[in-house]
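Chemist: Given the structure of chain P, go ahead and fit chain F onto it with the hints provided.
Listed below, chain by chain, are the residues.
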Amino acid sequence: MKLASLASCAANFVFVLTLLAVASGASSNEEKVTQFFEGSETHTNNWAVLVCTSRFWFNYRHMANALSMYRTVKRMGIPDSHIILMLADDMACNPRNAFPAAVYDHPRKTIDLYGDNVEVDYRGYEVTVENFIRLLTGRVAADTPRNKRLLTDDKSNVFIYMTGHGGEDFLKFQDSEEINSYDIADAFKQMWEKQRYREILFMIDTCQANTMYSKFDSPNILSIGSSKKGQNSLSHFHDYDLGVSVIDRFTYYNLEFFESVDSSSKQTMADLIAAYNTSLIQSDPGVRTDLFARDLAKTYLMDFFGAVQNVKLTTEAFPIGKSK
Amino acid sequence: MAALRDRIRTLLGRRSDPKTIISVQNDRRLVLPATEISQFALDQVVPFTFYIDTPMTVTVENIERMAQKLIDKQRTHDLRVRYTAQVRHKTEVPDAPGHYTLRLREAAVGAVDFGVDRVAHVSVSEADSKKRDAAVAKLVADIVAKEERELREKKGARRALKYAPEYSVTFTLLNEDPVGGAAVSWDIEQAADIFVRPFADTLRPLAKLAVSTQILHHAGPPPVTPLAHDNGTYLTPDMLPHFANSPWWNLASTDPIAPTISFILYVPALRSQPLRIEGSSTNAFVVSQWGGIAIANLPGTEVGASVVISRDELQKYFGIFIAQLRELVGIRNDTPLIPGTRVSLQRATATGISSWELDALMRQWMVANHQTAITTLQSLVRLVESMENMVVMDEIKVQVDQSLSALRSIPQALSSGNQLLAFELAANASYFAEGAFFDPSMVSLLYFPDQHKYAIYLPFFLPVTIPLLAAIKKAIRRDSPQNDSKPDVPDDKKNE
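Protein chains in written order, with the UniProt record's numbering: chain P, 1 to 324; chain F, 1 to 496.
Extracted from the complex, chain P is given alone in its bound form:
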């Protein structure tokens, strides 16, 4: 009798233990789900500002640079409403374009960058230094439409990409004016004052590009430039049908890296920077990390290039309209 009661006692005990184990297992699963949603303090939206500052047919490659970055960023998930695309000239409908309404970044012409779904926000002569500074600082005229405003807040990660002709501490706009690194540094300082960004990734592909980020001193800015002071950034492919170079080396090798990345990728900025090959790019890309708080090996590419949204399940509906 005693043994039987002991055995039943033990069985009860084991039963209770398994119940507890199952219960804790279930709650840890729930914990994992809630942890996924609550997460750590992070950004909630992503913006991209892509600027091509050159006009004229022989600067086709700068337009292709900006458009291929636009394609990449859209593919990773940033919606058009959060992308500001500034193109200083129109290559697709240029009278000298042998392939009308198309812009290519490779002589093989596999991808048409100017496909069905392109939304250019600032075009032609609207791309000026003043408009760019106004866009960044938010001091746009009252009648500016929504797609021409940078409606960021303190939880936005902003990816700013600039390409064109540049030199030491300046970047040429429209072949008639210049923006210098002090102006961009001041615009970022204004943005930080008014909490218009959480983190900025500033990427620039021009000659002597690394000088453009030398004057920044606002926090949380990660800068990548294509060539150092005294060095030129070179173009890559030359297309004999179009008669111009179609892409720049630095941007091309960036895009090549992004071909292996999709919106669920966990690759980091450290991977991207490690993939830069100086002999292929034929200039020395530079990275400035002293203003950036996080470790590059823990900064995901999707933090800047994609739009991973912060979601939470709705657990119960509100009893609206239900009379008691």
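If you are wondering where the hints come from, they were derived from the structure by calculation, not from laboratory data.
A couple of the hints might just be wrong.
[Stated by the list, open to error] Simulated crosslink set (PhoX-like; lysine-lysine; CA at most 25 Å straight-line):
id : chain 1 : residue 1 : chain 2 : residue 2
1  : F       : Lys162    : P       : Lys155
2  : F       : Lys130    : F       : Lys90
3  : P       : Lys229    : P       : Lys189
4  : P       : Lys155    : F       : Lys154
5  : P       : Lys148    : F       : Lys162
6  : F       : Lys208    : P       : Lys148
7  : P       : Lys215    : F       : Lys453
8  : F       : Lys453    : P       : Lys229
9  : F       : Lys316    : P       : Lys322
10 : F       : Lys162    : P       : Lys189
11 : P       : Lys172    : F       : Lys453
12 : P       : Lys155    : P       : Lys189
13 : F       : Lys90     : F       : Lys146
14 : P       : Lys155    : F       : Lys208
15 : F       : Lys397    : P       : Lys189
16 : F       : Lys146    : F       : Lys69
[Claimed, not checked] Chain F is faced by these chain P residues, among others (derived, beta-carbon under 7 Å):
id : residue
17 : Gly77
18 : Ser81
19 : Gly138
20 : Arg139
21 : Pro145
22 : Ser263
23 : Asp290
24 : Arg294
25 : Ala297
26 : Gln309
27 : Lys312
28 : Leu313
29 : Ala317
30 : Phe318
31 : Pro319
[Unchecked claim] So, partial list: chain P residues that the calculated Cβ filter (under 10 Å) puts toward chain F:
id : residue
32 : Lys74
33 : Ile78
34 : Arg96
35 : Ile133
36 : Asp143
37 : Arg146
38 : Asp154
39 : Lys155
40 : Lys194
Note that the coordinates shown come from a computational prediction; the quantities given were computed from them, not determined experimentally.
Ideal placement from N, C-alpha and C gives every residue a C-beta, glycine not left out.
Modeler: Then chain F, alone, in the frame of chain P:
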């Protein structure tokens, strides 16, 4: 000399108009009240007033004293914003935010039931009047201290949108595939009128909601393909962040400034139905600071049919949308106290937001606007002082003055118990401060490097300066005392 310099500068400006970086618009520079702005403190005292309505004997002074002590004890950090409690007997209770009535009655068990309006029914079990006072004081302190704590911790701030005077709310019905399924439409006008309009009307003193609706008939597949299950399809939690990112779903707003809140009622293609979200009983989720998505599985639809989602079916989905809208606006479900065995909250089923929740939201926004106004004004002063050649036009000074006068009136409004006025003043202060900071005229020439100065002025002055300097040198030498000793004797006379 200065006038000459200015004239040359304007001459240059006109000649190089497309070349100048950012032109200086006006050569006047007004003085901002910098010292006054820098002295503005972020400190605020927000008083709550509780009115006791009871046949039992209570000493309101005791209750107030004990409650204040408890609130101060629960304050762990030195907060800039302090909430205080005042306790009075019920006389004329104004129906305004910040004034709450506590109806006490005797009962066996102590409990509190918060109504939809600013009334709480409190059951007190203590017979001894001192213990009764202590119990009421604890209740008052719990209510006030909880809100103060939430203000400090800013929970849910990541999900909720910041204050704006107007929000643009869109309800979209997305039909993924009407060709392979049914054409769907909804009885939205009636539903929005019954479910959303009361909410918008109640929120009107604080913020305006501009509601619009649309139907997207051929939405196309979402960016993530749902995984197949034995009965339908499902989405895992890590697929949800990418769900609302389709470039083909036109959810953009045309309003230039108002923040958008988008709600999507998604009807999946017939082959994917029923589409469930793993771990969710409501099949709905909120996207931080963006909006909410609910999945509508319409069982029993036939291919080629035309389905109208009726008002009664929409009530279920609008229940979800209102819950999500509350979260996105910043309303907490446990206002004013966490519901439990002794605490019950009545849900405002008619409007969607109870007066307690509305008041808490209003106070939260008032404090945020107060802080925004002060920090914006301080940033503005820093900006103007750091750039000597920036213009400060009349309009900016006017806006700064308006913002300051609103800020100055807030403490008076708060101490007199008019929290709604304090909220409006704070909103105005923030609006004018931001208007001044983001004024389009505040963009100026920043960096005029020395090389540019030489490059522009030298070609004008150098060809003129060289002969001028030579002539001056000759004139000085002619008039100098050295030449007196050597009189200017003509050569022919010297050789005599």
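Chemist: Would you mind confirming whether the straight-line C-alpha gap from P/Lys155 to F/Lys154 stays at or under 25 Å?
Modeler: OK: P/Lys155 and F/Lys154 at ~14 Å, within 25 Å.
Chemist: Under 10 Å is the threshold here; is the Cβ of P/Ile78 close enough to any Cβ of chain F for the hint to stand?
Modeler: This interface hint holds because 8 Å falls under the 10 Å limit.
Chemist: At a threshold of 7 Å, is the proposed contact between P/Ser81 and chain F supported by beta-carbon distances?
Modeler: holds (5 Å)
Chemist: Would you check the hint for F/Lys162 and P/Lys189, treating anything up to 25 Å between C-alpha atoms as holding?
Modeler: Given that 25 Å is the threshold and the Cα spacing comes to 22 Å, the pair holds.
Chemist: Have a go at the P/Gln309 hint: is there a Cβ in chain F nearer than 7 Å to its own Cβ?
Modeler: Holds. Min distance 5 Å.
Chemist: Starting from P/Lys172, check that the Cα of F/Lys453 is at most 25 Å away, please.
Modeler: Given pair P/Lys172, F/Lys453 holds - Cα atoms ~19 Å apart, limit 25 Å.
Chemist: For the restraint on P/Asp143, tell me whether the closest CB of chain F is nearer than 10 Å.
Modeler: With a closest approach of 8 Å, the P/Asp143 hint holds.
Chemist: At a threshold of 7 Å, is the proposed contact between P/Asp290 and chain F supported by beta-carbon distances?
Modeler: violated (22 Å)
Chemist: Against the 25 Å threshold, does the CA-CA distance of F/Lys208 and P/Lys148 hold or violate the hint?
Modeler: holds (24 Å)
Chemist: Holds or violated: is the Cβ of P/Ile133 closer than 10 Å to a Cβ in chain F?
Modeler: holds (6 Å)
Chemist: Does the structure keep F/Lys453 and P/Lys229 at a Cα separation of 25 Å or less?
Modeler: Judged against 25 Å, a Cα distance of about 23 Å means the pair holds.
Chemist: Starting from P/Lys215, check that the Cα of F/Lys453 is at most 25 Å away, please.
Modeler: holds (21 Å)
Checked against the numbered hints given earlier, the structure breaks hints 23, 24, 25 and 34 and satisfies all the rest.
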